[in-house]
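Okay, here's what each chain looks like letter by letter:
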Amino acid sequence: MPDLRNGNQPPRIGVYVCHCGTNIAGTVDVAALADYATHLPNVVVSREYKYMCSDPGQELIRQDIRKNSLNRIVVASCSPLMHEPTFRGALAKAGINAFLLQMVNIREHVSWVHTNKVEATRKAKDLVRAAVRRVGFHKPLEKRKVAINPNVLIVGGGIAGIHAALTVANSGKHVHLVERQPTIGGHMAYFDKTFPTLDCAACILTPKMTAVGSHPNITLWTYSEVASVEGYVGNYKVKVRHKPRYIIEDLCIGCQECVEACVYKEGRWADEFNLGLSKRKPIYLPFPQAVPQKVLIDPEACIEFKSHKCKKTCIEACGERNAIDFHQKETIEEIEVGSIILATGFKTFDARRNAYYGYGVLPNVYTSLEVERLVNASGPTAGEIVMRDGSKPKAVGIIHCVGSRDHNTNRWCSKVCCMYSLKLAHLIRERIGAEVYNFYIDMRTPGKGYEEFYDRLLDEGVHFVRGRVAEVTDWPIHPSENGKLIIRAEDTLAGFVRRIPVDMVVLSVGLEPQANARDVRRMFNISCSEEGWFLERHPKLAPVSTFTDGVFIAGACQGPKDIPDSVAQAGAAAAEAMALADAKYVELEPYTAHVLEDACSGCKTCLNICPYTAISFIEETKKAQVNEVLCKGCGTCVATCPSGSIEQNLFEDQEIFEEVEGLLAYA
Amino acid sequence: MELKRVVKFEAERDPAFADWISHTVGGERIRHCLQCGLCSGSCPLSLWMDYTPRRLLLLSREGFKEEALSSYTIWLCTSCYACTVECPKNIKVTDLMYALKARAIQERFYPKRFAIPELACAFSRMIRGSGRITESRLVLQVFFKTALWRLIGFSNLGVKLLRTGRLRFVRERVSRQNEVVALLNDVEATRKELAR
Amino acid sequence: MKYTYYPGCSLRGTGRAYEESLLAVFRELGLELEELDDWNCCGATTYMSYDEVQSYALAARNLSLATKTGNDLMAPCAACYLALHKAQYYVRDYPWIRQIVDHALDTIGLPRDISVKVRHPLDILLNDVGLDAIKTKVTHPLNGLKLATYYGCQIVRPYALFDDQRNPTSMDRLLEACGAKIVPYPLKTQCCGGSQKGTLPEVGLDRIGRLLAGAVRGGAEMIATVCPLCQFNLEAFEEEASNAHQFRIPILYFTQLLALAFGVPLKEAGIQRSFISIKPVLAEKEIAYA
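If you're matching them up, the sequences are chains A, B and C in order. If you read the first sequence in the working numbering, its first letter stands for residue 4, the second for the next number, and so on. If you read the second sequence in the working numbering, its first letter stands for residue 16, the second for the next number, and so on. If you read the third sequence in the working numbering, its first letter stands for residue 1373, the second for the next number, and so on.
FYI, nobody ran anything at the bench for these hints, they're computed from the structure. In this text the structure is predicted, and so the values were computed from the model without any measurement. You can trust all of the hints, since none of them are fake.
Here are the simulated lysine-lysine pairs, BS3-like style, with alpha carbons at most 30 Å apart: (1) C:1639 - B:175; (2) A:96 - A:148; (3) B:104 - C:1489; (4) A:487 - C:1553; (5) B:104 - A:350; (6) B:104 - A:564; (7) C:1657 - C:1518.
Generate the whole structure from the sequences, applying the supplied hints.
Now the structure itself:
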């Protein structure tokens, strides 16, 4: 029976059939369809037009609404994904509620998939008939507005996190930058030079790091991690765990007198920043340009923590500043933000997994990151390329694709390794003039200035061998190989196997998702792809958004990429966050579910099946409640509820049944 | 210096051969071969091969049957599986070598009196005959078919083996040998059926 | 524990010492072995070169017979071990192979079930018996005898079911439990050349020479092997492979060393079948033997 809602008035329906040029009209008899609709119950007006989505087309609808007092509209045209907002806008402009519209897809579902004109027209008629019956039961709905907190949380203080933080902070909004290491800088801080310009990495990075450290709009949380996240877009409550440095950060000025004075005269613990190639003391500054410029104490190494019997010369050296506090505890603080940017970066492939390359067994096999530290002037060997035994190599082999493009380890190409391998080849040639051999499969140099960089390398006398290296061994079979590391690979271009003796082997390790990526993504309620990279909303059109509104991703955590692309994505994510903040409100689609309190029996079946954790249980009333801001309208709870006490706007039982009846009532 | 013009026309390819290799065990992923050369690099016998395993895979995949079947490579393979294990594209290179070897034996694509295919043929004859291999008899058969004079070189070893009781001439047999023969014949019959 | 025993063709010929010592070791450990009734040749690598699918059928006959016994099947020979496993996996993974093999088994009246667990003695000794039990049986410890453990190809490639594929240590651990000292041997899984010494002598000899040199360079006094063909290659052509350096180290099966340590008399452990006497080394290391 016709519904008498909307002011007790019977539905007055207008039906509009679009030709879409010949896209629809070429297969569906649009004139017959429009004519058919006029005879359907409650249809007052039925028209056909060439392009309904055009301005005149929309004007047609608006005029009809006014002239004929229409209160329901059916548009038979393309997919709602294309033009539902357009037609809703037309209704709103004409003064009736935008949700009193039903679209019928006679393009993607009919004209684009059928060739028989008679059958196609019949199908279109069935679909329009169903829509006409359904739309009578549509209720007016309003989009909700939720206020947005303009503050932004950025997780990860690498180049992407830093750039995003500066961009947002410069716009006047407040940024919380959380970094788990004691200093920001990320992987870029390890590098010596960056490709293709051979800019000094520290020279271009440290100004940005310092800017972050001193920016009035940035709260920098280093040596901290996010402990929990609650809330929804525009309204996140985040708990940040601040690990104890055992140094009062506000008092420490980074003079390092304490380090100098430490009872350990020499370092004994592996220096993390130099990847274990040098040693540090229990109290240390992560690296000379650290931001914040503050020391920290390693409780595993410091005597005071183990025996409580240390002379504590560090406290003496600190003097009046009194910045050392052995009793410091971990703290957890809560912050409120409106949007979150994840820029947690990558980790390098563990080269020990490729047993035949000898990493960890043969002393002169290094990873590319280790070599970056060796060539860096502030590294463990002051920029001299010196191996573990103190000698300088006369021949160096650089092996590409370690842990990349390999079904046995990681299938993907890590994108940056060819370029950085060329860079290392250049730097090694420049510093010590050694013979350098690059073993590659394909030379991937697609960026701006990248192929030109490869060209430059070709002039520098580096040997390029196209062949994936089978093994690195120290067992010679020829006198010239004694005392050397032998690289065995087929030179595929020449067509035979070669054994090339070198002194030092550099493994160009690939990029992988961080070890805890899956835990992190669960905390922020986003998805990971199969390999473990954070999942973007759309690989081409929405690379920095996720399927969770208000959470964005930027940089290598989304997939392997170089610094220019990371910075670009960071800017994009910052823009998205700023757009959200500037919009001040976010509008939420009204097709959410709600619990009919009277009918709810408190069985709690719906609680755990909601994929968006949008349903909570109210203890006082013993009823379930849907948070309509978190609800995405998937309908799972509606279908699950055993007593049928959850309803969903725009998908109420009666609306669906009417549509089904309409389809089944063959004319 | 002898001039030799080498250009390969498409007409010289054997598409049926290329098709055949893609449908043998291992061939299902032969299209994935990026020619990285890891198989050749890890092959302990590649030092003696005229075509490296990588090159052989490409030749086979493209249908250059002559080159593929007349290469030394397929006879040098000892099926140590290093290539299969290392291949970054999970291509069963060893099984492709087996397929090429079997095809070469079938089509007699090898020089006369070549020991390796003769060994394979003698082996299969012995299985059909007795169901088990008697090493001494097998070795003698192969010597007969190839280079009998080489036996002299092995006489020293033969004596040592006899002395230590490791050379036995009693024929090892399966009592229900008819089962083995029926099994093998049935395999052939089913294969012919499937081919039709 | 009871196991069905699949000797394979080599263990009756050149690999006799392997069988003898293996049976002795299992007897000492109280493990029951029953030879698979009327087993046929598994095809090994040679039949696979002739016709791969036929070789799977040959293996399948053995597997079907073994599955009927209800016990795990022990295959000491590396090539048999691989051939049997390969047949199981390929019949499972390639429907057209399964069709052919099933039909063949039907024809000879054997069940299609070929799911028996194929085990290697290293696997059984390490995992079913355990190092602790092995240690209690050692009455004649090997006194730091320096051994290079040579695994060869086929028990770790392409299926590494009970040990690491690139750096296996199962044999190492067993022999260490008997008091031996395992020397570093990076070539432990490199191919011995298989039958190439007979067919392409130059190639075979190069491979064998390389392996012997590697072991000697590591300081080995003996090489422990796991495969009859590897043992034969290394031992039979040791003299020929020696060029500048004379290699004279004994090549034994790991089961022979275990048998020695368990106090099994030399003859029962097949020691007399070696070409090079081990008595000088035993004397030097003051290793007692029965």
